[in-house]
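Same order as they appear, the protein sequences are chains C and Y.
Each residue of the first sequence is one higher than the last, beginning at 49 in the working numbering.
Each residue of the second sequence is one higher than the last, beginning at 797 in the working numbering.
No wet-lab data here; the hints were simulated from the structure.
Be aware that a few hints might be false.
What the hints assert, rightly or not - Some chain Y residues flagged as far from chain C (calculated, every beta-carbon gap over 12 Å): (1) 805; (2) 806; (3) 809; (4) 813; (5) 841; (6) 842; (7) 844; (8) 850; (9) 860; (10) 917; (11) 927; (12) 931; (13) 937.
Stated by the list, open to error - Residues on chain C that point at chain Y, a partial pick, calculated with CB under 7 Å: (14) 68; (15) 87; (16) 92; (17) 97; (18) 120; (19) 125; (20) 220.
Glycine residues also receive a C-beta, built at the ideal position from the N, C-alpha and C atoms.
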Amino acid sequence: MKPDNYERNHALAAEYVVGTLQGAARQRFERWMMTSSRLRRQVWYWERRLQPFNDSLPEASPPDAVWHAIEQRLFPGTVEPAAPRWWQTLTAWRWSAGIAMLAVFALLVWTPPPTVVTHYVGVVQSQQAEPLWLVNASADHRLTVKAMPPVQPADGGRDYQLWLLPESGAPVSLALLPTGGAQLKVDLSDQQVRQLLQSRSLAISLEPAGGSPTGQPTGPVVYQTRLVQM
Amino acid sequence: MAEANDGLVSALARVAQGDRQAFAGFYQQTHRAVFGMCLHLLRDKDEACDVLQETYIQVWHHAGEYHCDRGSVLNWMMSIGRYRCLDALRRRRHEVDFDSVSSSQVSSAPGPMENAHNQADRQRLSDCLKDLDERYRSSIEMAYFRGFTHQELAVAMGQPLGTTKSRVRRGLDVLRRCLGT
Chain C
49 MKPDNYERNH ALAAEYVVGT LQGAARQRFE RWMMTSSRLR RQVWYWERRL
99 QPFNDSLPEA SPPDAVWHAI EQRLFPGTVE PAAPRWWQTL TAWRWSAGIA
149 MLAVFALLVW TPPPTVVTHY VGVVQSQQAE PLWLVNASAD HRLTVKAMPP
199 VQPADGGRDY QLWLLPESGA PVSLALLPTG GAQLKVDLSD QQVRQLLQSR
249 SLAISLEPAG GSPTGQPTGP VVYQTRLVQM
Chain Y
797 MAEANDGLVS ALARVAQGDR QAFAGFYQQT HRAVFGMCLH LLRDKDEACD
847 VLQETYIQVW HHAGEYHCDR GSVLNWMMSI GRYRCLDALR RRRHEVDFDS
897 VSSSQVSSAP GPMENAHNQA DRQRLSDCLK DLDERYRSSI EMAYFRGFTH
947 QELAVAMGQP LGTTKSRVRR GLDVLRRCLG T
């Protein structure tokens with residue numbers, strides 16, 4: 049980014065506000081905003097100009113528990129705690145507890161080969177919380193993916209493709225996923241292992257038969273999961 | 797209207813001084829608009845509740861940083877909430893329901909807070925969007941209202957990624973020239 053390029057900076061500010069400036073570029077932009085008052089003003093320009101978009105959205109009422117939670121966090125000990133509401137309980141623990149339970153489930157229903165020491169486990173679920181694929185990442189640079197029986201081949205002859213989502217940078221293709229109870233082993237490179245250990249994030253997209261023709265996801269991301277350490 | 801914003805500015809000034817009662821009143825006046833926006837972007841009530849909570853925590857700690865160059869107080873609030881929604885969307889890397897995406901996501905029902913804003917600004921944006929090429933307008937609206945990434949926009953619109961990036965950039969450039977300073 050060149051600080052003296054007014055037009056380019058305006059374009060970046062616009063994409064920052066709209067949301068299409070992403071990842072490392074967004075982080076760099078935010079750091080730069082901290083030191084450039086001119087850039088901040090360009091961002092504020094776009095925030096003001098696009099605000100009518102937000103005005104057009106219908107208002108909605110959140111549960112009262114949100115306000116209680118805000119008070120509890122800001123003024124602990126001075127506010128009578130409200131009884132935990134369903135959304136608080138679910139929101140706070142849903143992700144981690146769900147993954148942990150499913151990871152245990154994964155170990156129960158599928159014991160990996162005894163020669164492999166499992167370090168990370170993930171479960172890809174359907175929207176109905178049905179386990180679809182069990183993923184094991186072991187210490188020997190091997191990723192094992194087992195398709196549960198409910199997983200049927202995708203419509204239209206398409207394939208499910210597994211992607212590693214690094215903390216920064218583009219998704220990395222790992223494999224085309226098996227269906228219907230089959231199992232697949234993928235050997236990971238050193239770099240892939242490092243990226244996986246850092247982000248622990250995987251995604252699955254629907255791609256043309258044989259996989260993405262571009263090396264990047266071209267179809268919708270239909271599932272995602274996060275590995276947990278066992 | 798200006799009076800409504802003046803009231804919020806006063807409340808925010810008291811919040812900046814640690815006035816909890818003013819903070820409660822400020823929340824009562826603004827939270828429905830912010831939550832509506834969060835709910836629209838995230839389409840998940842639990843996540844929207846989380847973002848709403850984080851937004852007001854941030855407002856309490858940074859109330860003194862507001863100034864009129866940021867636009868109205870509600871505009872400032874919405875921006876804080878919106879960026880947190882975008883963060884949540886990126887973390888989630890949500891399943892994109894491309895089939896249900898329409899080019900316009902604007903509700904026809906105005907919310908009560910709408911009256912607190914400058915009608916001229918809204919009219920100007922509306923006029924400029926009408927003049928904008930449909931391809932540009934759809935890209936910008938889907939990115940803004942649904943939090944779509946370039947990649948997701950490309951898939952949703954069935955066009956190459958490079959074309960999508962160009963259209964967003966070009967559309968915003970045309971929009972800026974129309975909106976003026």
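In ascending order, which of the hints set out earlier in this document are inconsistent with the structure? Violated: hints 5, 6, 7, 8, 10, 13, 15, 18, 19, 20.
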